[in-house]
Each structure stands twice: as C-alpha cells, then as structure tokens.
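Build the full structure now, drawing on both the sequences and the hints.
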Amino acid sequence: MKPPVITLLTDFGSADHYVGAMKGVMLSVCPGAQLVDISHEIAPFAITEAAYTLAQAWPCFPKGTVHLVVVDPGVGSARRPILAEAAGHRFIAPDNGVLTMLFAQVSNHKVREITAERFFHRPVSRTFHGRDIFAPVAAHVAAGVAPAKIGKRIDDYVRLDFASPTRVGPKEYRGAILKTDRFGNVITNFKLQDWELKGKSFEMRIGNSRISRTASNYAEMQAGELYLIEGSAGYLEISMNQASAAAALGARAGADLALLL
Amino acid sequence: MKPPVITLLTDFGSADHYVGAMKGVMLSVCPGAQLVDISHEIAPFAITEAAYTLAQAWPCFPKGTVHLVVVDPGVGSARRPILAEAAGHRFIAPDNGVLTMLFAQVSNHKVREITAERFFHRPVSRTFHGRDIFAPVAAHVAAGVAPAKIGKRIDDYVRLDFASPTRVGPKEYRGAILKTDRFGNVITNFKLQDWELKGKSFEMRIGNSRISRTASNYAEMQAGELYLIEGSAGYLEISMNQASAAAALGARAGADLALLL
Amino acid sequence: MKPPVITLLTDFGSADHYVGAMKGVMLSVCPGAQLVDISHEIAPFAITEAAYTLAQAWPCFPKGTVHLVVVDPGVGSARRPILAEAAGHRFIAPDNGVLTMLFAQVSNHKVREITAERFFHRPVSRTFHGRDIFAPVAAHVAAGVAPAKIGKRIDDYVRLDFASPTRVGPKEYRGAILKTDRFGNVITNFKLQDWELKGKSFEMRIGNSRISRTASNYAEMQAGELYLIEGSAGYLEISMNQASAAAALGARAGADLALLL
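Protein chains in written order, with our numbering: chain A, 1 to 261; chain B, 1 to 261; chain C, 1 to 261.
Please note that a few of the clues may not be correct.
[Claimed, not checked] Straight-line Cα separation of at most 25 Å, PhoX-like style, residue types lysine-lysine; simulated pairs:
no., chain 1, residue 1, chain 2, residue 2
1, B, K152, B, K110
2, B, K2, A, K63
3, C, K2, A, K63
By construction, these hints were calculated from the structure, which means they are not laboratory data.
Spelled out as structure tokens, the structure:
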C-alpha cells in the first residue's frame, strides 16, 4: 500500500515554525502521509508566482496527490477556502486566484467551498489558517474523506487574468514576465506551442535591452549574450550561459516586454 | 502501522551536508522513520529563537513524536546532552536552555542525561555531536529504545530566564521581542491570555515608535500603520498589512519594549 | 519492509518548482520512496562543492540508498548521464566530475553510461534533465531495476583533479579551500590523517592572515582569534568561536593557502 502524498506550496519561508506546524497537524490527521515540499519561498503574497510554480509541479505527481497551497494575503478576511478536483488530483487553497493556471490547464475541473468545520484544527486562529483550516482539510482528504463531505460546489471562484501576450500592432505583441528563477532565467508568458521563433527574424524588448537570437541549449550560447530558449516550463525563456539574464536585464516577475516580428 | 516521526530543528542551514548526514544516520538506525524539518534557519547559536520555535511547533505533532533540537554553541565542551519526556513526546537536545519554553509549557516533564554511548555513532567527533550523539539517540528512541536505557534522570538541567513582562511602574510594563518572522510580524512576550487590550487605551513603545491600535486581522489594517494583533502563536504581535512591522520598527529578537496602560 | 531511500543534491535552490517536479516524477515511478534532501543550495554549477558535500553525506546513509546529484552546467550538451555503484550505494549524476571524491573514497567502484531511454520521463526537454533523465532513472533503480539494465559499463568517466596539498619547498605546502560553511568554518584540503599539527610549530597563510594555533573544540578558543581544528569532515578547518573565520579571512572555496612547518 503506497502512502498518500500531500505537497506543500507556501510563502511561509523555511525559517519559522509555520511549515512544521502544518506538517504536524497533517501527520496527526493522516499518519504516514508522504509530505513533499514544492516551495516555501514564494515571495510573500505573490499569487501569480505561486500559480505558476504550482502549474509546473503538480503534473509530475501521481494521481491521487493532494496539493496544499497557502499564499493567502486575505487571511482573516471573508475570502473562502476552496477544494478543487482536476485530473485525478486534489487542490486545497484560498479562493484568491492562486489556482488560475491550474484551471486553465484542466478545463474539466470542479471547485467546492470548504465549509465542514468538523475537519478544522480547533480553535481556528485569525491569522494562521494554513495550520487550522488548509492543512487539516488536506490531510483528511488525503486520508480518504470524500470531497463532497468538505463543502458544496461553487462556480463563482476567483480566476485572475494572468496576461497571455496581446497583439498591439501589425507585428507587435505585448507580454509579461511570469517568473525569474534561481539561475537568472527569465520566463515569459509566450507559450512554446504558439511561438516558433527559431530561424526567424524577431526582436524581444525588455527595457532598453534587445534579444534577437535563439539557442537550443546553454552550451550553444556565447558568454555574456542573451538568448531566447525553449524552456522546460513550456514557455520562451531569456537566458545567458552561466550568468543571470534576470540580473543583466534588471527583470522582475510581472514586468512588461514586447515582441516584434 | 504508522512510521515513527522525528522532527529536526537546528541552526545548520540547508546549504551544507550537516542535516543530510544526520538524516542518513537516523535512517540507518530507524529505517522508515518519517523525518520532518521544523527549521534549519535558526540564527547560529540563537537558543531563545530555537526555544520559541520548538514551543510553537511540537504541540501540533502526534504523541510519540521525537523532537531533535541541535542549536549547540557549547559543542565539544562539558555541556550535557539530554532527553526530555513531556506530554507523550520526547525531546533530544543539548542542556543549554533550548528546552526552557517546553518546560514552562508542560510542568510535568522528566529529564535524563544522555550517557549510553552504545547508541552513539562512532567515532564521536569533537565538533559534530548532531550526527554522532543527538541524531542516533533520537533514532534509537524513535525505534523503541526506552528512555530509561538512555541515561539517568537529572534535576539540575538548564532553564533560562526568557523574560515575561515585568511591572516597572503603576501602569507600565517592560517586555521583550521573542522573534520577528518572515512577514515582518514582531512577536512580543505578552501572552494573549494575560493581556486584553482591545477597546482599551494603551501605548506600546519600541524605540521611538508608538502603537496604540488593535486589529482583528490583516484585512482590517490601514496600509502603513502599525497594529497590535492576537497572533496565532499565543502572543501579542505588532503587524502591518502587507508590509514588515519589523523593518518599520527596526526591531530584533531580544530587544526591549514597554507597555503603558 | 523498509522503503527505498533516495537522496537529492542539486544547485536548484528551494524557491522554484524544480526540486518538487523531480520528486513528483520519482514518486510516480517508485511510490513510497523516502526522499531526503542533502542540499539544493550548492552554488550554481559548483561541481567541486557538490562533490565535497556528497562525499560528506553519503557514508551516513544505509546501504542500498540511491543518491541523485544534479549539478549540471553542461545540460543539453553531449556530456553523458552516469550511474555509479560503490560500497553498496548507487549514484546517478552527470559525467562532469561531480563524483570525483566518491571515486577517491571507494576505489572499488563501477560506472555505467545511462542509455536506457525507456526509463526516461517523456518528452525529454533540452534544459531539465534532472526531471526527465536523472530523477526517473534514480527512481527506477530504487524500485529495483538492475544497474545492468540502465546502460553499459564505461571506464573513461570524468575525474577532476581536486588538489591535494602539494609540496612547494623543503617545509612549505600549498593547499586549497574546499568549502566555507554556514558557521564560517573554512575547510581546507589538508586531511587529518596526514597532518598532525597539535603541539607543533606551524604557520598557515591565507592572504595576509596567519594562523599558528590549534584548538580541540570551540569552547577552547578565545574570541576573535583564528584556530586550526580537526573538523568533523576529516580535514583541517580554520575556525573562530561564535564568529565567521571565512568572513575574517575573506576566504572562498577554491582559494589557495600555504602551510609552513
């Protein structure tokens, strides 16, 4: 019998007791559950970055996995906790748009508002719903509680407009930076399947910088030059070989860029 | 059969091999043990911060859990390794006061000096007792070795004076900052159960700053203003909505504050 | 039945989805595997630091453990993925020298080129072989696939020259810094078994600094002074009590030092 898997994605960092407390609650509810950290280093309250990180990680996990996402600037306010079911996976999160990219990946999904307080950790504090609501509900679901017992289905859950590139001229598109990673790769919102630039003439503009070359891998790149590559995340990325494209560009998640064909 | 749970709390950071080495030793002694990181980012040698973090995390875990705490500025000196039993949990730590808050939480606790060298990892190095003493003893205890076999009971273990607020005038109290967290919340040593300030007139002073408002949650707060909130840790905390109160105050763990009623 | 253990050592950091994605792939292939992080904070592309960290950690794990090492500046180029067997452990890594210290530790080792594409995660991306090649192969091996099914043995795998100290004068040796750790300890490549300096007259030189004292443990050291100690890693280390020797020396991994007897 394989143990149930619960992943964790938060902006709690790893210095404080918050993640450990959530794990303790989950192991109390569902002993033997396999707890896997996706990341606790999402920038505080960065819903878009969390949505992107979740979208990259969850498809690698086996069906039946429960994914716990706690990036929750609205804790203590009226925002609802939700449970989503998609592609055989379950997702527990605040209803603030952090599941937006999941909903786009899996159009056939169901969402429920989490209302069954008997599965909460008592007393429920005002500021730590990760420990008191999200973690215990995730563990109960991992332990076999049917989603229908967690709450009723809803259709008015929050979906944010994470910009896909928009056409702003005959041969000009405006896009955005989804994330910059540890290696300084700059991940754009131009999906590989929609944009084939290799061998074509193009110019990508970020601030005062211009990129007009593609590379197939890091080894192909000349040192100190910027390239577009087909990133493993399914998007065009801007990269430098063994250096940080993000630092060279002064790029940050959320910033604009332009593509001219 | 649920696997035994061992938590880890250290100041080792996560960049070096230290934590991995301890985990390898534990899995060699107790295969299948479930290893859960509380934090490895305690500031080096910060006994108070570790004591606070442990006190927040351990009650969330199931009974039977073994908690390994290695924040040990005295490694290699004569300080003793100890095993504590409290509330059905076991704690392995150096005898330097890092269990002080646990002892305050659970008055009915037992402490033993760890002396049974047959449970150590050999040879015992002079500088890495985490790997050579604390980790293997924790794993043996998790695997079922009775505490009585680890060493004799002692009563002269170290308890530090983590200041509770003291009255310094007719309506004035002096307290301290226990910790500042990733979100910039400033956790004071004023316990919620002892201090009810909502609706009352008060002034909390840190350096040149003054706080005289309370809020029930982050959503209630005006941007840029400091509030006292009832923190999930059971203490009054100073917070700002989506900004760092610690940065605004220049506050650090250990610093003084005053409360005037 | 104890679950198979897989350790992870990368330069991916813990902020992005990379490590989580690899873990998801491994749990899909080998449900119930026990995944243990050694470190994900190796400096990007720092093969020497990864080799040293692995050499310190793997011997603490039980036989049968699979160690996954992904520090891979050549991803997407022609460098081969390899599987090594040594001392009852298995190692999955790129063939770039990152196993050099393991090969020195265990002279009786076998190395195979990983070629069995049926164990890969499809499609194989150009930039994320950790998820698509290394992780799934590690999980298949942990699940019981015989190394011989992974690929043929090779003898021309990469071994780097991690400098041992060299004699450069009648009583002078030149060495190097292997690593500086979180506590600011500076780990040299002078092995304890070869160098006994206690009670002898010596001078170690790093830049303009001179060290000529030894200590047995941190408690023996005067504040603000530099000492040579016998490190738990098996090498001479330069340390200060409750302060960073690395900061005091301006020392970094790879830098030269001299020992005069």
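Cross-check of the supplied hints:
About 10 Å separates the Cα atoms of K152/B and K110/B, which keeps this hinted pair within 25 Å; it holds. A threshold of 25 Å between alpha carbons decides the hint, and for K2/B with K63/A the separation of about 22 Å falls inside it, so the pair holds. For the hint pairing K2/C with K63/A, the CA-to-CA distance comes to about 23 Å; that is within 25 Å, so the pair holds.
Checked against the numbered hints given earlier, the structure satisfies every one of them.
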